[in-house]
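One letter stands for each residue in the lines below.
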Amino acid sequence: MSWADAAAVVGGFGAGFLSGTIGIGGGLLFVPTMTVGLRLSQAVAQGTSLVAIIPTAIVGAFTHFRRGNVLSRPALMMGGGGVVGAVIGALVAVEVPGPLLARIWGGFLVFSAYRLTMQALKASEKTP
Amino acid sequence: MLWTDTPQRNANANSLVAIIPIAVAALPIYYFRKGSPQIDSHVALFLVIGSVAGAYIGARVLSRIPDRQLKFAVAIVLGVVGLKELLLP
Numbered sequence: 000m001s002w003a004d005a006a007a008v009v010g011g012f013g014a015g016f017l018s019g020t021i022g023i024g025g026g027l028l029f030v031p032t033m034t035v036g037l038r039l040s041q042a043v044a045q046g047t048s049l050v051a052i053i054p055t056a057i058v059g060a061f062t063h064f065r066r067g068n069v070l071s072r073p074a075l076m077m078g079g080g081g082v083v084g085a086v087i088g089a090l091v092a093v094e095v096p097g098p099l100l101a102r103i104w105g106g107f108l109v110f111s112a113y114r115l116t117m118q119a120l121k122a123s124e125k126t127p
Numbered sequence: 000m001l002w003t004d005t006p007q008r009n010a011n012a013n014s015l016v017a018i019i020p021i022a023v024a025a026l027p028i029y030y031f032r033k034g035s036p037q038i039d040s041h042v043a044l045f046l047v048i049g050s051v052a053g054a055y056i057g058a059r060v061l062s063r064i065p066d067r068q069l070k071f072a073v074a075i076v077l078g079v080v081g082l083k084e085l086l087l088p
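Going line by line, the protein sequences match chains U and D. Heads up: the first sequence is residues 0 to 127, going by numbering that gives the first Met the number 0. Heads up: the second sequence is residues 0 to 88, going by numbering that gives the first Met the number 0.
Just so you know, the hints here were simulated from the structure itself, not pulled from any lab data. We treat Cβ as the ideally placed atom computed from N, Cα and C, and that holds for glycine. Honestly, I wouldn't trust all of these hints.
[Stated by the list, open to error] Among the chain D residues that face chain U by a calculated CB cut under 8 Å, a handful are:
| hint | residue |
| --- | --- |
| 1 | I28 |
| 2 | F45 |
| 3 | G57 |
Same shape as in the complex, but just chain D (with noise of 0.2 Å):
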């Protein structure tokens, strides 16, 4: 979605497609390759009862999102969260 110009709505479901076998492929390293597995189990759970809902009700929602401003509002929340990882990692 970042970087090609196919329609939005084709791209996030390309993406949405194309995670599910990267995140299948990378899971396994972060469990076996370390003393303890990489993962928290306890908040995945609830994450994911969570995102479920979210994505459910995404997906449904779309035509009528104002996409414009969610990625103004999204770019904000990721430039400053991702400016405190860089300088107070």
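Bound-form chain U, shown alone (with noise of 0.2 Å):
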């Protein structure tokens, strides 16, 4: 086992964790795991992490579903509406240089910080 392949375990463990947690999608961290500290394409750490987090999510869904959390017909709109939308994505993805398909990606983790950080000033705001 490498020291890239420690990075990997541990980077893993820190996606599953928030997705587990807050919810964001593994892909959030696993890309960039992939991308800054393994030094992978960005389409290369995308279709990576498409691998990955099917496992990833089986097991997280499969908790929450025994704890019954799992709100089963939204969850399936979501999942329905996305398969259309994540194939027409990856479409595209594939024949984008890299370096625009990273800027595209950055443009949207910045985006997806700046919702994360709204959300966290509101539940502050209702803490009494």
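Put the two chains together into one complex, using the hints given.
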């Protein structure tokens, strides 16, 4: 097991933990682990993150399902609608040049950071 | 989770369920569309080892996690990495 393998395990643990707790997609952290930590290309990092997301999501979803946290109808609707978007997005992503894809991804990360900050601030206002 | 007012716990659970068919649908495109697969199976294996353990532990300790502080911390990490990708792709 190399240092790169160990870094992937640590990055994977962080991504899995955060997907199980605050619900951000594992890919949000899988991809930076690979592009920044392991120097993989943006497209390979995105494809590889999809492989890793499936078992991670199955374990997390099963755990939540047993605890009664899954709302089946919205989950199925989100999943069904998401499939269409995912296919279109993947077809576009594999054709986009690497640096542009990385910039688009960077913009999405910054936007996600903004939304998370707003949510955290909103939660602060509700706290007495 | 980023868009609706669904309770946090249900939103987390729903997003995990929904991502499964989404990832399954997109994966073949990354594998077959280009000349060579846009996937590193070796890295994926080690990511999965860490992430399955993390997802299991995270879902179990959800109610004991300081949600707000964790969101701030993750927002900072995502913001820094996002700016890096935007400016130095």
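Each hint tested on the structure:
For I28/D, the interface hint holds, the least distance from its beta-carbon to any beta-carbon of chain U being 4 Å, beneath 8 Å. Below 8 Å, beta-carbon pairs count as interface contacts, and F45/D has one with chain U at about 4 Å; its hint therefore holds. A distance limit of 8 Å between C-beta atoms decides the matter here; for G57/D the minimum to chain U is near 2 Å, and the interface restraint holds.
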